[in-house]
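Peer 1: One-letter residues, chain by chain:
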Amino acid sequence: MKKNPIWKFVNGIGMLLLICIFAMPFVWMISTSFKTLGETMTFPPKWIPNQLLWENFSKAWNSGPFLKYLMNSTIVSVGILILQFATIIPAAYAFARYRFKGSNFFFGVTMVTLMIPSQLIFLPVFLQMSSWGLLDTLWALILPFASSAFGIFLLRQSFKQVPEELLEAARLDQASEWKIIMKIMVPMAKPVLITFGMFSFIAHWNDYFWPLVMTTTDASRTLPLGITKLREVDGGVAWNILMAGNLILVIPILFIFFFAQRQIIRAFVYTGVK
Amino acid sequence: MAEIRLVNIVKKFDEDTVVNNLNLTIEDGSFTVIVGPSGCGKSTTLRMIAGLETPTSGEIWIGDDCVTNLEPGKRNIAMVFQNYALYPTMTVRKNIEFGLVNKKVPKAERESLIQEISDIVGLTDHLDKKPHQLSGGQRQRVALARAMVKKPKVFILDEPLSNLDAKLRGQMRRELIQLHKRLGTTFVYVTHDQVEAMSMGDQIILLDKGVTQQMDSPMNMYHDPNNVFTAEFIGTPPMNILDRVHLNTVLPTLFENVKYVGFKPEHAEIIGETEERRTDHVVLQSEILTTETLGAETIYTVSNVAGMMNVKSFDNRIMESNVVQIAIPYEKLYFFDEQKERIRFSEKDSAVSQQPKPVIVGGV
Amino acid sequence: MAEIRLVNIVKKFDEDTVVNNLNLTIEDGSFTVIVGPSGCGKSTTLRMIAGLETPTSGEIWIGDDCVTNLEPGKRNIAMVFQNYALYPTMTVRKNIEFGLVNKKVPKAERESLIQEISDIVGLTDHLDKKPHQLSGGQRQRVALARAMVKKPKVFILDEPLSNLDAKLRGQMRRELIQLHKRLGTTFVYVTHDQVEAMSMGDQIILLDKGVTQQMDSPMNMYHDPNNVFTAEFIGTPPMNILDRVHLNTVLPTLFENVKYVGFKPEHAEIIGETEERRTDHVVLQSEILTTETLGAETIYTVSNVAGMMNVKSFDNRIMESNVVQIAIPYEKLYFFDEQKERIRFSEKDSAVSQQPKPVIVGGV
Amino acid sequence: NNQEGTGAKNNKASADSGRTEITYWYAYGDKIGENNENLVKMFNDSQDKVLVKAEFQGGYGDLHSKTQAAFAAKNAPEVTLNEIASMGVFARSGMTENLTPFIENDSDVNLEDFNPGLMGNSYVDGNIYGLPYLRSTPILYMNVSMLKEAGLDPAGPKNWKEFEKYLRALTVEGKSVGMSMPVSIWYFEAFVGAGGGDMLAAGDSEVTFNGTAGVEALEFWKHLAEEGILKILSGDEAAAQATQDFANGRSAMMFTSTANLTHNLAIAEENGFELNTAFMPSNKISGVPTGGANLVMTAGLSHEKQQAAWEFIKWMTAKEQTIYASKYTGYLPSRLSAIDSEEMQSLYKKIPQYKVAVDQLQYGKARPMAQAYPEISTILADEITRSLLEPDLSPKEALDKAAKLANPLLQ
Amino acid sequence: MTLANSNEMINRKREPSALSALNWVAVRPYMMVFPAIIVFTLFFLYPIGYMIYLSFFDWNFVSPDKDYVGFSNFTALLQDAKFQQVLRNTFVYSFATVSLTISISLLLALWLNKKGAMYGFVQGAIFSPHIISLVSISMLWIWIMDTDYGLLNWFLNLFGISNIPWLTNPKTSLLSLIIVAVWKGIGYYTLIFIAGLQSIPKDIYEAAALDDTSKVRTFFKLTLPMLSPTLFFLTIIGLIGSFQVFETISIMTKGGPINSTNTIVYYIYENGFRFFKIGYASTAGVILLFIVGVFTILYFKLLSRKVHYQS
Ligand SMILES: Nc1ncnc2c1ncn2[C@@H]1O[C@H](COP(=O)(O)OP(=O)(O)OP(=O)(O)O)[C@@H](O)[C@H]1O
Ligand SMILES: Nc1ncnc2c1ncn2[C@@H]1O[C@H](COP(=O)(O)OP(=O)(O)OP(=O)(O)O)[C@@H](O)[C@H]1O
Ligand SMILES: [Mg+2]
Ligand SMILES: [Mg+2]
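Residue numbers (the working numbering), protein chains in the order written: chain X, 1 to 274; chain R, 1001 to 1364; chain H, 2001 to 2364; chain C, 3001 to 3411; chain D, 4001 to 4311.
The reader is advised that the hints may include incorrect statements.
Stated by the list, open to error - Keeping only pairs whose Cα atoms sit at most 30 Å apart, straight-line, the calculated DSS-like set for lysine-lysine is:
id	chain 1	residue 1	chain 2	residue 2
1	R	Lys1129	X	Lys190
2	R	Lys1074	X	Lys179
3	H	Lys2209	R	Lys1130
4	D	Lys4171	C	Lys3175
5	H	Lys2094	D	Lys4215
6	D	Lys4202	X	Lys190
7	D	Lys4221	H	Lys2104
8	C	Lys3031	D	Lys4254
9	X	Lys160	R	Lys1012
10	X	Lys160	R	Lys1129
11	C	Lys3074	X	Lys68
12	D	Lys4221	H	Lys2129
13	R	Lys1074	X	Lys101
14	H	Lys2012	D	Lys4202
15	D	Lys4254	D	Lys4066
16	D	Lys4215	H	Lys2151
17	H	Lys2012	H	Lys2153
18	H	Lys2094	D	Lys4221
19	D	Lys4171	C	Lys3404
20	R	Lys1129	R	Lys1103
21	C	Lys3158	C	Lys3365
22	R	Lys1094	R	Lys1151
23	H	Lys2012	D	Lys4066
24	H	Lys2151	H	Lys2074
25	H	Lys2094	D	Lys4301
26	R	Lys1130	D	Lys4114
27	D	Lys4202	H	Lys2104
As the list claims (entries may be wrong) - Sample of chain R residues lacking proximity to chain H, with all beta carbon distances greater than 12 Å (derived):
id	residue
28	Gly1073
29	Pro1106
30	Ile1343
Don't read these hints as lab results, they were simulated from the structure.
Even glycine gets a Cβ: it sits at the ideal position worked out from N, Cα and C.
Make the full structure from the sequences, and use the hints.
Peer 2: Below, the structure written as C-alpha cells:
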C-alpha cells in the first residue's frame, strides 16, 4: 500500500533481472547472428560483435529454397488454422449446447486425443498418407491437425458461459443455428479464438518433428526444417548462420505475439479455464 | 387479433411438474402481469408462450392459430429478458437490426425503422455504443427497442426491471405503462414483485406452484383476495393472517368453518394503551417491535397474543410507549376456511354479527 | 465509546475529487444511514472509515483514537459487503470462524461463539454448506454472522440488501433493525434507496457528489428538507418541485427570492373537474397520464401547466375522467431559492399570505 | 507390408519424359549438400536416359528412419546412402539390393580401383550392397603453434606412448589441456583396433570389446583422464565442444573426421594458429575405423529402375566424381586412381594435411555392421562414460557390463 | 402492412415439413461434431489402435513377417533396467518441471499482477520464450549451457562458481533439461495465473483485511483455494505436456549422457527408428498412454470435483 522507495528499487531490480533471464537468450541469439564464425567461439563471450555481418542472413536464406519454406510454413500454419476453426467451432458448440446421445462418448474421444504425442502415432499416419498418395505434400502436414482437441476443450468452456437467454433472444429474432454461432457465439468467444489461434499457429509454425517425418523433398518442407539443415552439417556448426536462420524463423511469430498479447489474458479471464 | 389462450397446459421437467393444467386467456391489447413467488413457473409459462419451451401437453393459441409446435422465430412474439440478453459484441444499432436482417427486411426500411424506434426510446445518441458502455436503464431500453422494432403481435417481458435500482425501476415502470398505451399491443409481463404487478397490470394472474391462484384486476386482487395465498402475497406489507384459535377470546362466536382471520395493515388503528375500548373493533393489546418510517406512512411491527403483525399508519405521531392497543373494525376482517380459501358471507359482517361485545385479550 | 468522526476528509482518485471536505459525526450506538445517488461517494466514505482506502487529507476518529492510518484489521470494525464477499471456498462455519482464528481466539471459545451467532441469525442448519449452496438471504446472514462474531465496535454495511428481491429485502430490513436494537452497537449503513434509508436509520446522511446535503432524522428529512436535492430524493414518489414561473398566474404574489415551489404528492388532492374552487389551495387543472394502484394507495402521474407531477391518494375511487383538478393547500407548500436552498418563513404561510384569492389556471 | 513392386508413384513419373526418373536421398547440408546437388545436376546433364532427383533428408539418423518408413510405405527412393555401420541392417532386412550381379555384369567397374581400406563395409554376408561414396576416417588434429611452444615435433605422436608424452607437455594448468575428446565409439574403435582387437566377433555372434584390446584402450583413456591431460567430453554436443576447445587454444589436439578439415582450417586461420594433421596414434598395430556412407540401391525395383539406379551409382563413384567430391567436401577419395590423379596430388601438395587421412587408409578397417550395433553403441558409450566419470568403476567391469547387456541383442 | 406480408411469404417458403425438421434437429449435433471426430479417428484413434496391435508383435517394420509374441514385449520392457530408468527419468522430469514451473510462476504472478506499462512489458518478456520453436530454444540452450563456453557458466563464474558440466554430466543433465522446460513454460503459466488472480473478486481480500488476516494466511487460505481450478488445469496440462517431451532431448542430449535424460517418448522414437524394434516401441507407447490416461481420468473424475468450489 505504501510506496517505500527501497521497495520500489528492489522491485525495479527484480523486474530487470526477470527481463534479463528471459530476454537475454534472444539478445544472445541476435548478437550471435551477426558474428563471424571465429567470434562465436571466443571466450569469454562477446556481447557486441566487431562488425554486423549481415551476410549471415543471406547465407542462411540462401542455404536452401527459403522462400519456398516460408510459403510452405505459411500455407501449413494458416491452412491448419482455418480447418481447425472450421471443425472446432461447430463441435465445441454442439458439445456446449446440445444434449445428444453419445455426446459424452464423443467428448471423451476428443479428450483422449489431447494426450497423444505425435511421436507415438506418426508411423501409421505415415503409411496412410502414403497409401493416399499424400506423402510429401502439404496435405500430409495439414490434415492430421485439421481439428484440435485442446481447441474444442477451450472453446466449449467459453461457449458454455454464454447465457442461454442470448441464444433464445436470437431464436426469437428468427436466427438460424448457424447464424447464432457465427454472429453471437464466435464474436463472444473472440479472445479465446484469438488465443487459441495464436497458440496453434505458433505450434505449427515451429513444428519440427511432423514435417521432418512427412516430407521428403524441399517442395513441401517448412522453415524449421530449413533451419535445422544448417545444423546438419558433418563437422563444425556455423553458429552464426544457424542463429541468423533461427531469427528468420522467430520474427514472424514475434510479430503476431505482440499483436495478440492483450487478448491472451482476457481470454483466460473470460473462460476462467477450469 | 392476438389474444393468447393456454389450454390445459402441463409442463414437466423430467418428473417435476412445473406447470399443472394451466388455463389462461390473455386478452388482446391487455397488459397482463403474471406474478408469483420465485420458482412458481412464471418464466416457464412465458417461455412456452414464446416457444422456447414445448409444453408436455395442452395447447397454446395466439389469435386464431394454434402455435404449440411453431418455432419461436415464427410466432411474431418479442421478448425482453430479465438481464436483457443484449448481444454484447454488437452495437446498439446492430442489436436492434439483428432480427430485421434475419427477416430479410431491406436495408433502407431497416434504417428508417431503427431511426423511428430509437427516437421513441431515446437512444438515438447511443446507437453506435456497445451494451457494456450503457447504463442499466439504457440497456433496458435497447432490449425494448429490439423487441419493438419487430412490431410483434405480443410483447413478453420476463422481470425486465429486477436488475434496476429502486429509482430507475419506478421510472421505467411508468415508461412501460405509457409504452403499452401508445402501442396498444398485448403485453405479458412477469414479475415476482407484487408492487410492480399491482401498479402495472390491467389484469394480474397470480401463480403458485404452477397453479393459478387468482386472475383478476389489481383492485380486486387487493380488496377481494380469493384465498390466503393471494392475501399474503399482495400489499406492502401484506394482509395479516391470524389463526382463529388465538382469537377465540376476542372473537369467540365465529362460524365453525372459519379457520383464519385476516386484516390489512392499514385497516388497523393504533390507540394508546389507556384509550377506551371500541365496540365494533377487534382490539389487541400489543408491543411495538419495530417502527419503519416511510415518510407519509409508518409501518409498525407489533407482537401480541395472536403473533407478529404489521400495522400501517398514515399519521406520523410519535408513540410515547411501546405498549399499545391495535383496533381493527369488524367490517374490515377477512375470513378463510381450512383450505385457506376465502369465505364470503352473503351479508357483510355476518361472520361476527352474533358477537355481542368485543373482548380485549390481556397480556402481551 | 465508538463515536465516529470524519474531519475535513478529502478523497481524490487521481485528479477526481470524490469526497470533498466531508465532516461527519456518527453517534455511538446510532443506526446511521448514508444515502445518496449512485456514484456520490458513499462507498468511498465507508471504505475510508473501514480503512480500505486512505483519505487524501483529513482525519478519521473512532472514539478517542485517530485511526486515519491504522490498518483495517486493527480498527475493530466489521463490514458487510454489497455482494457479501463470502469466502467461496470455505464452509459457512469457516467463514464465520476466519476472523476469530486470526485473532487467536481459542478453539473452544470459537465454537461457542459460532454456535451463539448462528443461532441468532438462524444458520445453525447450514454451517457445513458452502456459500454457493445458499440462497441470497442465507448468504446475507452469513455475511452478518461473520461481522457479528467479531463483536466489533462499529458495523459497516454497504448496500447489503441490494441483491435481494423485494420480499426478502423487506424481511431483512426488519431483521437488521432488530439486530441493531439488540446489539446496541454503532451501525453505519449505506444505500442508495431512500425507502431503505427512511425506514432503517435513526440518523440519515444524504450525500451528493461527495458533499453532505443534509444530516438529520428521517422525519425531519422527510418533512423539513433543507434543499431541493433532499426534497427530490426522499419520498415515494418524492416531492414535486415546480418552477415558480409556471405558477405566476396561480401564485402571482410570491416573494421575489422564491424560485421553486414544492409540494408532496400526498398533500395534493384530486377533485373532479367540475368541483368547486377552493380558496386556500393552489388548484391546477390536469390530465391524468398513468395510474399506479398499489392497494392502499394510488399514484397518479398528471400533467398540467407546470409540467408533470405525482399525486398520491389513499382513497381508491375510480376516476370517471382523465381530466381533473388537483388542489394543494397553501400551508403544505415548500419554497426554495435560486440555489435550490430552502427558504423558511418565520411565520407559517407568510410567503403566500398576501395572496388574496387563488386563481385556477386553465388548459392542460 | 510386403514389397511386391515398387512405389507406384515413381513408375508413373517415368512414363512421360522418356527418361527414367529416380530419386536419391542424401544426408547433411552445407558443403556436403551442395556437393550432392552439384553432382546430381552434372549427372543429369551428362546423359539423357536417367533423371535423378536429389533430396536432403537430415542427418544420417533421420535419413535412415525416413528411408525405412518410406520403404514400408512402398515409397522409398531408388538410391540412398547408408551410414556404413548400418549397411548390415538394411541389407539383411531386405531393404537394399545386392549389387554384386550389377558389378559382375558391368565391365566398366573395376573393383580393384576402390581403396581396400574403405571396402570393408560394402560387403554383407559376402555380397556387395553398396559402394563407398563420402568416406572418412578419424585423424589427429594438432595446433602446431602450441606444439612448437612446448618444444614438440609438429609431425605429431606416433604411438600411445608419444601421445601421452605430447598430452602431458601440452597441458598447462588452468590454461590448456592436451586434448579434449568426446566419448565416441568411433574413436574407441580406433583405439581397440590399435590394440589389435575387434568390437564384435566374426559372424557378429558376440561382442569382443571387453577383450584385452578393449580393456587396455579404456584403461589408457581412463589413465589419461585421471592425469588431467585428456579432457573427456560426454553428451550430444561433445564433438562441437571439442572443436571449440581446439579453436580457442584450450586444447592443443583433437580427434575428428577428415571431413572436418576444411572447416577446421578456416577456424585455425581466423584464430591465428597453424594446424597440422597426423595418424591416429598406434599401439601394437595401426588400425583405424572408417566412417561416412555408402551409396546403396533400394530392393525390389523394376528392371528399368534398377538399371537407372545402377547407372547413377556407378557414375557417382567413378574417378572424376570421386575427385570432385573429395575436393569439395574434404572427404576421402575412395578410388586409388583418384588419389593418384594429378588434381588430387596437386591439392595434397598445396594442403598436405589432406593427405594424412588418405595415407592412413592403408590401416582402414570395416565398422561392425550388426543390426543391433547402433543400440550396442549407445550401451557401450554409456558404460564407457560411466567408467570415466566414476573413479571406482574399473574399465574391465564397465566393459563386461556393457557386454552383458549387448550380447543378448546379437541373438 | 407490407412488411408483415413479405415475412409471411418467406416463412411459408422456408418452412420444412414437420418430419424432416425433426430429423434435422436430431441429426444436427452429429453433423457438427463429425468433422472433428473424423479427423481424430483417422489421425489419432486409428494409429493408437494400430500401436496397441503392434505391441503384441516383434517386428522390424520392413520385413514382411510380424511375429506374434503375446505379452512378452510388456514383460521384457518392464524388466528392462534401461526402461526402468527411462520411466524414472520421465517421472522426475515431469514432476520437477511441473512443480517448479507452477510454484515459480505462481510467485511471479503474485508479483506481476499489477497494472502499468512496465508490468505488461515484463509479462510479455517472460512469455516470449513460449513463442519460439523448441528447436531454436534447444540450440540456444546447448550453447548457453556449454561447460566451457556457455553463457551460464560464464555468468556463474562472475560469482565465483566454477564451471558446471550442465549437459555433459549425468548428474546435471536432467536438471539442465528441466531448467530449459521451466524457463520456457514460466511465462505461459504466469499469464494464466494472472488471469486466474484477476478473476478473484477484490472484496474478499478486503473482507480478509478487515478480519486482520496476515499476508501469508491470506495467500494460503484465500488466494490458493481460489486459484485451485487454474492450478489443477495447469498441473494436468503440464504433466501431459511434459510426459511428451521430445524435441529438447532429441536436440540437446539424445537421451545421454549414460541414459540420464532418456524419457519415454524419446525412448520410443529411439527404439522404433534407430534400433528398429517396433514392437518394443509400441509397447512403451501403450505404457505411456496408460500413464497419461490415468492422470487425465484423475483430473476429470476426482480432482475436478473437489477443486471446483462453484456449481
Ligand atoms: N430447464 C429446466 N430443467 C429442470 N427444471 C427447471 C428448468 N427450468 C425451470 N425449472 C424448474 O421449474 C420451476 C419453475 O421455474 P421458473 O423459471 O418458471 O420459475 P419462475 O417463476 O420464473 O421463478 P423466478 O421468479 O425465480 O424467475 C423451478 O422449480 C425450476 O427449478
Ligand atoms: N478506485 C477508484 N479509482 C478511481 N475512481 C474511483 C475509484 N473508486 C471509486 N471511484 C469513483 O468515485 C466515485 C464515487 O464512488 P463510490 O463507489 O463511492 O460511489 P457510491 O456512492 O458508493 O455509488 P454506488 O451507489 O453506485 O455504489 C465514482 O465516480 C467512482 O467512479
Ligand atoms: Mg423466472
Ligand atoms: Mg457503492
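Peer 1: Check the structure against each numbered hint from earlier and tell me which ones fail, lowest number first.
Peer 2: 23
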